[in-house]
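Engineer: Here's the letter readout for the chains.
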Amino acid sequence: MATNQRNISRASLFVVLLLGGFVLLMLPARYTQFLTEGFHRALGPLLSVGRPPQVSKIHLAPSDKEVVSQETYNKLYTAYRNTYAQLLEIQQQLSTLQRIRAGLPTPGPPLVLARVSNAIVTAEERALLVVPVSGTEELEQGQYVIGSEAVIGTLSDVYKSSVRVRLATDAKHRMQVSIGRTGRSGYIQAYMHGQGDGTARIVGLSQKEYDVRAGDAVYAAADRERLGTEVIIGDVTEVRHDLDNPLLWDIRVMPVCQAERLSEVGIVVMHPKQEIK
Amino acid sequence: MRWIRFIVVVFLITVLDAGNLLNLIATPGLHIRPDLLLIAMVFFVSHLDITHAMTVSFFLGFVADVSGELSILGPYTLSFGIFGSLLCQLRKVVLVRRMLYQALTIFVMALLIRGLAQLLLMVKAQQAGANVYVILWGTAAYSAVFGPFAWMILSGLTDWLGLRERPRYGPTRIRH
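Which chain is which? The protein sequence lines are A and B, in order.
Numbering (our numbering) for the first sequence: 18 to 294.
Numbering (our numbering) for the second sequence: 594 to 769.
If you're looking for bench data, these hints aren't it; they were derived computationally from the structure.
Cβ coordinates follow ideal geometry from the N, Cα and C atoms, glycine included.
Only true hints are included.
Restraint-style ranges between C-beta atoms, simulated for each label pair: (1) A:Leu60 x B:Arg691: 33 to 39 Å; (2) B:Leu705 x A:Gly67: 25 to 31 Å; (3) A:Tyr101 x B:Leu697: 52 to 58 Å; (4) B:Tyr694 x A:Glu88: 45 to 51 Å; (5) A:Tyr101 x B:Asn616: 34 to 40 Å; (6) B:Leu750 x A:Gln87: 48 to 54 Å.
Derived, one-sided and incomplete: chain A residues facing chain B with beta-carbon distance under 10 Å: (7) Ser26; (8) Leu30; (9) Phe31; (10) Gly37; (11) Gly38; (12) Leu44; (13) Ala46; (14) Arg47; (15) Thr49; (16) Gln50; (17) Leu63; (18) Ser65; (19) Val66; (20) Gly67; (21) Arg68; (22) Pro69.
When you get a sec, could you build the whole thing from the sequences and use the hints?
Structural biologist: Given below as structure tokens:
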């Protein structure tokens, strides 16, 4: 009898303890965390004696709801890497555009960034083949091209996905320029012809009327349709009498930018049909 | 059983088990350490009568929950309690006097107790530990290797704690 009562007592004790354990298990953590936190707070100095763990004792892994299959993970990771590469690309484009804009005398007009795919430097032609990053919809012949903070030429041909930039030094290139000098108000307007040898030439200026010297700056003339303000092209390197007409100047201009070495250029679009990204 | 002394011993074991001191013998990499509370539970269950063994099992499980790094109570209380109670029922079958059997008992108990605790943790927190199987088997093996030596130390405290080596068969006698 006594043994039977003792067995019942043990069984009851076990059930009570088991129920107690289940109650603890069912209790939300916010009601029980004070015990664990209190233990670690009270015994913190004692527990910290020794070597700190090199890895966490318990690593919590995300639940199934937060885990995707390996295949989905690979797809997402590939998409992430592509997106990240695009982000870097866009950041680089913005940086380049900002650098070009910063070099302009006033807050410049919208620029279309373009990558140089090929540089053509022959006796007959000096040109760049460039690929605009945002398409060629906004582009047309005659638009100015800026590289390394200076005008390097104009668009001569617009194709479906690329454009041809005729450099200011090309033998067939002709553009209106302004000659300026520090300390002198106003510009001398003239036309500049490429020579095909890496330089350009300005003729037709009367020696009597215009004071032009070596070292004067040559700018692309401002044009309401093409360019908002004067942008540097090069410097006057030589001024001499025109052999054909001794009353006029024969002026040699050296571009400030070696266009053939550029990898990126900006195309000035004064009146974009839509916002340029 | 002298309960105050028992509490002191359990406190020291808990501090060792939860503290950084045991990291000195932890395995590098996965940071596997012997489970001192589990070893102590197997020791006490082997030396106490069934009623006290059950109580001590649940109590040591509760202590393991409180001293754990998760703010969740219950998993170790239940698993220590259930398997501790089961072990004290099997004492007549399982002989834990020899070191080899002590190691085997600790190994099996560690697998069962920590396995059930992990299961309950997953149910409660919807979370599972990383490398859970490696850590489970590693802790069980390390506890089994370390256990007999800890057992020897605890055996030295049997008289001080008021415990007595239980005969394999026969009635339970407790020193008062």
